[in-house]
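Note that the protein sequences, when read in sequence, are chains W and X.
To convert, count from 1 in the first sequence and add 563; that's the working numbering.
To convert, count from 1 in the second sequence and add 134; that's the working numbering.
Do not rely on the hints blindly, as some may be mistaken.
[Said to hold, decoys possible] List time: in silico DSS-like cross-link candidates among lysine-lysine, alpha-carbon distance up to 25 angstroms:
(1) 192(X) x 236(X)
(2) 627(W) x 236(X)
(3) 604(W) x 183(X)
(4) 618(W) x 192(X)
(5) 629(W) x 577(W)
(6) 202(X) x 183(X)
(7) 202(X) x 192(X)
(8) 618(W) x 577(W)
(9) 236(X) x 583(W)
(10) 236(X) x 604(W)
(11) 629(W) x 236(X)
(12) 618(W) x 604(W)
(13) 236(X) x 202(X)
(14) 583(W) x 627(W)
(15) 192(X) x 203(X)
(16) 583(W) x 629(W)
[Said to hold, decoys possible] Some chain X residues near chain W, calculated using beta-carbon distances under 7 angstroms:
(17) 163
(18) 176
(19) 235
Simulated from the structure, these hints should not be mistaken for lab results.
Yeah, the Cβ is synthetic: ideal placement off N, Cα and C, and Gly gets one too.
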Amino acid sequence: GAVVSQHPSWVICKSGTSVKIECRSLDFQATTMFWYRQFPKQSLMLMATSNEGSKATYEQGVEKDKFLINHASLTLSTLTVTSAHPEDSSFYICSARPWTGGNEQFFGPGTRLTVL
Amino acid sequence: AQSVTQLGSHVSVSEGALVLLRCNYSSSVPPYLFWYVQYPNQGLQLLLKYTSAATLVKGINGFEAEFKKSETSFHLTKPSAHMSDAAEYFCAVSAGGSSASKIIFGSGTRLSIRP
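Just chain W, with the same shape it has in the complex (with noise of 0.2 angstroms):
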């Protein structure tokens, strides 16, 4: 139990076009669900957590317009990347929170992002 599962496990576009990575809960209902990045060899950099059906609440520095999250449902998250440049390639993982409660995250496997 307690699978997270994130699509696409990599992607590769140009600069300019935007990109959306879905993070879902597969065999739990999730009420909180956060976005991480991992630059090489460096560790995970919490960038936002969102909520289901309302806003997400960004990290400072992090700029929202840029790193668009929606929480639509208690399954599923999304995060758009948009107008990607190269300096946005990194390795991002979202994990997701049972909404049973208790604190402990479980891990998407990641989504390897490449702007040319």
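For chain W, the structure is supplied; the task is to place chain X on it using the hints.
Here is chain X on its own, set in the frame of chain W:
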């Protein structure tokens, strides 16, 4: 505010030797503490977590960690390293059981296993 410091960005041990990965935390409230493992190009897998119950926490794959409040530490150990343990390990802290609490990650420690 919460933070974690992982001492040593890279640890190398021989197969069969003791694994010790160090983590110190800072928290203004009783913390929840976690150890995660990440294999290349994959997400994170929870090894174990401390949530204010027993101070010695046993996790998967033979790992365990001891919460020491006096030392603000939560070091990860495994008695005998296996080649498959080679990965990146992250210590993390959260401010208790609130569903709104964020998890803050340390900088990570890469564990290498020598044959």
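Against the earlier hints, flag every one the structure doesn't satisfy and list their numbers going up. 4, 8, 12, 17
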